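Quick note on numbering: UniProt numbering labels position 143 of the sequence shown as 143, and the sequence is numbered without any gaps.
Rather than coming from a laboratory, the hints here were simulated on the basis of the structure. Quick caveat, the model's predicted, so the values are computed rather than measured. Heads up, the beta-carbon is just placed ideally off N, CA and C, and yes, glycines get one too. Don't take each hint at face value.
Claimed, not checked - Pairs of lysine-lysine residues, derived as BS3-like cross-links and limited to a Cα-Cα distance of at most 30 Å, are as follows: (1) 53 <-> 91; (2) 34 <-> 87; (3) 87 <-> 53; (4) 87 <-> 27; (5) 27 <-> 53; (6) 34 <-> 91; (7) 27 <-> 91; (8) 34 <-> 53.
As the list claims (entries may be wrong) - DEER-style ranges, computed between Cβ atoms: (9) 34 <-> 57: 13 to 23 Å; (10) 59 <-> 102: 17 to 27 Å; (11) 48 <-> 102: 28 to 38 Å; (12) 36 <-> 75: 18 to 28 Å; (13) 103 <-> 18: 34 to 44 Å; (14) 19 <-> 103: 33 to 43 Å; (15) 147 <-> 44: 28 to 38 Å; (16) 48 <-> 70: 24 to 34 Å.
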Amino acid sequence: MVGSNNYGHQHPLLLFVNEDQLLNVAKCSRCGEKVSIPCFSCAEDCVGFYLHKVCAEAPLELNHPFHPDHPLLLMQDAPYSGGYDCKFCGKYGNEFVYHCSCEFDFHVKCALFTFNIAENNLKVLEHVALQDEELEDDSKCFGCRESLAKYTHFSLDCVFNLHEKCLSFYSNNII
Numbered sequence: 001m002v003g004s005n006n007y008g009h010q011h012p013l014l015l016f017v018n019e020d021q022l023l024n025v026a027k028c029s030r031c032g033e034k035v036s037i038p039c040f041s042c043a044e045d046c047v048g049f050y051l052h053k054v055c056a057e058a059p060l061e062l063n064h065p066f067h068p069d070h071p072l073l074l075m076q077d078a079p080y081s082g083g084y085d086c087k088f089c090g091k092y093g094n095e096f097v098y099h100c101s102c103e104f105d106f107h108v109k110c111a112l113f114t115f116n117i118a119e120n121n122l123k124v125l126e127h128v129a130l131q132d133e134e135l136e137d138d139s140k141c142f143g144c145r146e147s148l149a150k151y152t153h154f155s156l157d158c159v160f161n162l163h164e165k166c167l168s169f170y171s172n173n174i175i
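The whole structure should be built from the sequences, with the hints applied where relevant.
Okay, here's the thing in C-alpha cells:
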C-alpha cells in the first residue's frame with residue numbers, strides 16, 4: 001500500500017496495487033463500476049470508499065469537446081433532487097457527475113471515455129470488426145444504445161463497445 005493525496009476525498013487515500021489487498025470490494029465510489037487494481041481506498045473510517053486510479057485522477061473541471069461552450073465540473077452529488085440522465089449514454093445517475101449549469105450532465109465514465117476518444121482521435125479503439133459470441137443478447141452499443149448484435153468495435157482499456165456506424169459517426173463528427 002502506498003499513501004496518496006486525497007483526490008477530493010476528506011481523508012487520505014491508500015493506493016492498492018495487489019489483488020490480495022482487495023477483500024470484498026464492490027464498486028468505485030465515482031463511476032459505480034467494479035473496482036480493480038490499481039485503486040485507492042480511504043485510509044480512515046469510510047467503509048466501502050474505493051476509487052479506480054483513473055477515476056481518482058479525473059480532473060475536477062473538464063473542458064469537454066462534446067460541450068465546448070462551458071467547462072464540466074465534477075460534483076459528488078447530483079445537482080437535481082431526482083438525479084440526472086447522462087447526455088451520452090442516456091442512463092440515470094444520482095452521484096458523481098460531470099455537470100454544467102446549462103443542465104448538461106455526464107457520468108464520470110462517460111465523460112472520461114468520450115474525452116479520451118476525442119483527445120486520442122479514436123486511437124484507443126481497435127479498428128477491427130469483431131464477432132463476439134460472448135456478448136450477451138442484451139449488450140448495447142455505448143454510442144447509440146441499440147443492440148450490438150454480436151458485431152462491435154471495442155476498447156482494450158475498458159468495457160465500452162461500439163457499432164461500426166457509431167465509430168464512424170464519432171470519427172467524422174466529433175474529432
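Checklist entry - Between residue 27 and residue 91, is the straight-line Cα distance small enough, at 30 Å or below? => result Given pair residue 27, residue 91 holds - Cα atoms ~17 Å apart, limit 30 Å.
Checklist entry - Is residue 87 close enough to residue 27, meaning Cα to Cα at most 30 Å? => result 22 Å, holds
Item to check | Restraint check for residue 34 with residue 91, where alpha carbons must lie at most 30 Å apart | outcome: Answer holds: residue 34 to residue 91 is near 17 Å, not above 30 Å.
Item to check | Distance restraint between residue 34 and residue 53, which requires alpha-carbon spacing of 30 Å or less | outcome: 12 Å, holds
Item to check | Straight-line alpha-carbon gap residue 34 to residue 87, limit 30 Å | outcome: Satisfied, since the Cα-Cα distance of roughly 22 Å is no more than 30 Å.
Next on the checklist: Does residue 91 sit within 30 Å of residue 53, going by the straight-line distance between their CA atoms?
Outcome noted: Between residue 53 and residue 91 the Cα gap is close to 23 Å, so the pair holds against 30 Å.
Item to check | Cβ distance range 28 to 38 Å for residue 147 and residue 44, holds or violated | outcome: 44 Å, violated
Checklist entry - Range hint 18 to 28 Å: satisfied by the CB atoms of residue 36 and residue 75? => result 24 Å, holds
Checklist entry - Using the C-beta atoms of residue 48 and residue 70, is the stated range 24 to 34 Å upheld? => result 33 Å, holds
Item to check | Beta-carbon spacing of residue 34 to residue 57 - inside the hinted bounds 13 to 23 Å or not | outcome: Since residue 34 and residue 57 have Cβ atoms about 18 Å apart, the given range 13 to 23 Å holds.
Item to check | Beta-carbon spacing of residue 103 to residue 18 - inside the hinted bounds 34 to 44 Å or not | outcome: Taking Cβ atoms as reference, residue 103 and residue 18 lie about 42 Å apart, which means the hint holds.
Item to check | Distance restraint hint 17 to 27 Å, applied to the beta-carbon atoms of residue 59 and residue 102 | outcome: 19 Å, holds
Consistency with the previously given hints fails for number 15 only.
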